[in-house]
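Chemist: Top line first, the protein sequences correspond to chains A and B.
Numbering follows our numbering, with no gaps: position 46 of the first sequence is 46.
Numbering follows our numbering, with no gaps: position 178 of the second sequence is 178.
These are calculated hints, taken from the structure and not from any lab test.
Backbone N, C-alpha and C define an ideal beta-carbon position, used for all residues, glycine too.
Please note that a few of the clues may not be correct.
[To be verified] Listed below are the simulated BS3-like cross-link pairs for lysine-lysine, each with C-alpha atoms no more than 25 Å apart in a straight line:
hint, chain 1, residue 1, chain 2, residue 2
1, B, Lys130, A, Lys30
2, B, Lys130, B, Lys168
3, B, Lys130, B, Lys180
4, B, Lys130, B, Lys68
5, B, Lys168, B, Lys180
6, B, Lys68, A, Lys7
7, A, Lys13, B, Lys68
8, B, Lys168, A, Lys29
9, A, Lys30, B, Lys68
10, B, Lys130, A, Lys13
11, A, Lys13, B, Lys180
12, B, Lys168, A, Lys114
13, B, Lys168, A, Lys7
14, B, Lys130, A, Lys7
15, B, Lys177, A, Lys7
[Said to hold, decoys possible] Okay, the calculated beta carbon distance ranges per label pair:
hint, chain 1, residue 1, chain 2, residue 2, range
16, B, Asp71, A, Gly221, 25 to 33 Å
17, B, Pro75, A, Asn149, 36 to 44 Å
18, B, Asp150, A, Lys29, 29 to 37 Å
19, B, Glu176, A, Gly128, 36 to 44 Å
20, B, Asn126, A, Lys114, 38 to 46 Å
21, B, His21, A, Lys30, 16 to 24 Å
22, A, Gln115, B, Arg74, 14 to 22 Å
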Amino acid sequence: MNEFEQKISSISKRLDYPSTPNISASVMKKIRQPRFISRRLTWSLTLILILLVSLFAIPPVRAAILEFLQIGIVRIFPQQIEPTQEPISTITPAPSMIPLLDSIFGETTLDEAKQQVNYPILLPQNFGEPDYVFVQDAEGYMTILVWMNPIQPQSVELSLHFIPNESWAIKKMGPRVLQETMVNEYKAVWAVGPYPLILYNRYEIEFTRLIEGNVLIWTDGTITYRLETHLSMEEAILIAENLQPIP
Amino acid sequence: MKITSAEAYLDEATLIRRAAHGEAAAWEPLMQAHQQAVFRLCYLLLGDPDDAEDVAQETFLRAWNHLKRFDSTRPLRPWLLSIASNLASNRRRSAGRYFSALQRAFQNEIPQTNLEEKNLQSNDANELWKAVQSLNFQDQQIIYLRFFLDLSVNETAQVLEIAEGTVKSRLNRAIEKLRKIIQQDFPILFEGHEV
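Only chain B is shown next, with the shape it has when bound in the complex:
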């Protein structure tokens, strides 16, 4: 059965059920709906677009292979982000990533970034990202989900498979650490504001 344009507007649960029964065409609109969030989380956690693309692809393949076990009444995005986060965590530890980074470094294809061309607002965001990268993986993860990807506390709890109360307490701890890092190493970020 093919998904027609009208069917593309079917609700997520129906598409998930169809995809779980092996209907690849039902999986495509679901991927399109969530690929940006998945790719961005991978990019934030890995800092490299090629790595992020690999892990995002792997996320959708793993999810496709395990759809039968997924409860279609639950929202898909937190589950996908949870898989992506697990895979990104694994990737950070894998030696292969360092080899591929080395390989790219020797290919003389270092992307040229002209800071002057970037506007100040974007620089602020890059500085903030650098500050967040100083945190440990768990703290980075919760800040990316809650602030950069704008997930609710409930969605963040689903991604991390923890209670909402734990999200709040862990987020508070991460924010306090981030505040100190910004005060110490990125004071310009909050110039004129009380950090």
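Chain A on its own, in the form it takes in the complex:
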């Protein structure tokens, strides 16, 4: 520890904290509270159940309720599905990673990430090594690679998630443009923001992010890949189909 760090360390110990409340007592009370469902709640739940059963009896309603796309561990509730097979060229200003970079846990290096995960980490061609690497333990290690835009260093050029099955659960609510496509032989989906993305981790902590970039999602059965970029769908597919394991 140098002189500055020693000084910081000694000053920080003198901070006046509020006295610690009796947290254990409050938590014990909640833990020991018998869980019961009130009669009113029971009635409400019964009514909701009856309503849902009735709604499911009507074919168009059933179709609407069940209309979502599942790619690996990602479930997408589309706003509208574009039936066209024509590729859609969409350029949006920038992916939305930047505001989160400060709050993403598990920053590491590519070498350390290779040791941590039991699946091959793939890199896109011509992008070099990522500027940021994150590995998050969520009953399966999720890897996030981030490449910053060399011209605008404050914005993200590309981010690539590797999400093992049974790791995180992800819901996308109502992307603006959604198109089914293929990455090599795998089924894929192309989604365009803005839309809220909801992630749940092992502590059931919910993160909601507003996605403004374009996202290509595909799965090989064991890993769900999520490529977020400002590039067009054709360019994203080209990148995805040419991912290579780290040499």
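With chain A's structure known, arrange chain B on it following the hints.
Modeler: The following block gives chain B in isolation, referenced to the frame of chain A:
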């Protein structure tokens, strides 16, 4: 089975195993042992004692609900602090926090702080805290864990789920940023010392 006073001195791993099997009484001494560190980290990250208490409670409830998945041979504190940190990060972004802060502001119950009554040393610490608050969340977090809560590099690495080498490099970067902030905005903090 009730925890007797003698059993209260059982080692942490045994208490964790018992608590994981649903024995609430085994969870209580563990909470008592770690509630101060958890509350203080929440307070540092959120800056509000009510918010800190809420998040600390939530931390222990979440941990209790997920104890079966926790490896009882590992120390509990880094895991609790990791949950607390995640929850505090979420809380900072949530709209509810701003509403509750607004509500308090309108309740005319603004805590009266008499700076004159506080000693100079404590003021130094408050100034340092203000300086750290100018950093981004990730930098604040590592400085609070390492310096304010006095965690070792190894414990900090466990809380942040990163390698010890990454803790060191990230800490160095955060300290450099803090040094600049202090030089620029809080020079009095290190008056007479070379910053």
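Chemist: Now, for every hint given, state plainly whether the structure supports it.
Modeler: Hints, one by one, checked against the model:
Between Lys130 of chain B and Lys30 of chain A, the direct Cα distance comes to roughly 35 Å. Violation of the 25 Å bound is thereby established for this hinted pair. Only pairs whose Cα atoms come within 25 Å are accepted, and Lys130 of chain B paired with Lys168 of chain B is accepted, the gap being roughly 23 Å. A threshold of 25 Å between alpha carbons decides the hint, and for Lys130 of chain B with Lys180 of chain B the separation of about 14 Å falls inside it, so the pair holds. A distance of roughly 39 Å separates the Cα atoms of Lys130 of chain B and Lys68 of chain B; the hinted pair therefore is violated under the 25 Å criterion.
A threshold of 25 Å between alpha carbons decides the hint, and for Lys168 of chain B with Lys180 of chain B the separation of about 19 Å falls inside it, so the pair holds. At roughly 41 Å between alpha-carbon atoms, Lys68 of chain B and Lys7 of chain A are farther apart than 25 Å, so this suggested pair is violated. Taking the CA atoms of Lys13 of chain A and Lys68 of chain B, the gap is near 35 Å; set against the 25 Å cutoff, the hint is violated. For a cut-off of 25 Å, the pair hint linking Lys168 of chain B to Lys29 of chain A is broken: about 40 Å separates their Cα positions.
Distance check on the hinted pair: Lys30 of chain A and Lys68 of chain B sit about 19 Å apart at the alpha-carbon level, within 25 Å; holds. For the proposed pair Lys130 of chain B and Lys13 of chain A, the alpha carbon gap of about 15 Å is at most 25 Å, so the pair holds. The hinted pair formed by Lys13 of chain A and Lys180 of chain B meets the criterion: a straight-line CA distance of about 21 Å does not exceed 25 Å. Simply put, Lys168 of chain B and Lys114 of chain A have alpha-carbon atoms about 20 Å apart, close enough for the 25 Å limit, and the pair holds.
Restraint check for Lys168 of chain B and Lys7 of chain A: the C-alpha separation of about 18 Å stays at or below 25 Å, so the hint holds. As the CA atoms of Lys130 of chain B and Lys7 of chain A are separated by approximately 16 Å, the hinted pair is consistent with the 25 Å bound. Our distance criterion of 25 Å between C-alpha atoms is met by Lys177 of chain B and Lys7 of chain A, whose separation comes to about 16 Å. Remark: the range hint 25 to 33 Å for Asp71 of chain B to Gly221 of chain A is upheld by a beta-carbon distance near 29 Å.
A hinted range of 36 to 44 Å holds for the C-beta pair Pro75 of chain B and Asn149 of chain A, which are about 41 Å apart. Against the hinted window of 29 to 37 Å, the Cβ-Cβ separation of Asp150 of chain B and Lys29 of chain A comes to about 31 Å, which satisfies the hint. Checked against the given bound of 36 to 44 Å, the beta carbons of Glu176 of chain B and Gly128 of chain A, roughly 26 Å apart, lie outside it. Between Asn126 of chain B and Lys114 of chain A the CB atoms are about 44 Å apart, so this pair conforms to the stated range of 38 to 46 Å.
For His21 of chain B paired with Lys30 of chain A, a C-beta distance near 19 Å keeps the hint of 16 to 24 Å intact. The supplied range of 14 to 22 Å is met by Gln115 of chain A and Arg74 of chain B, whose beta-carbon atoms lie about 19 Å from each other.
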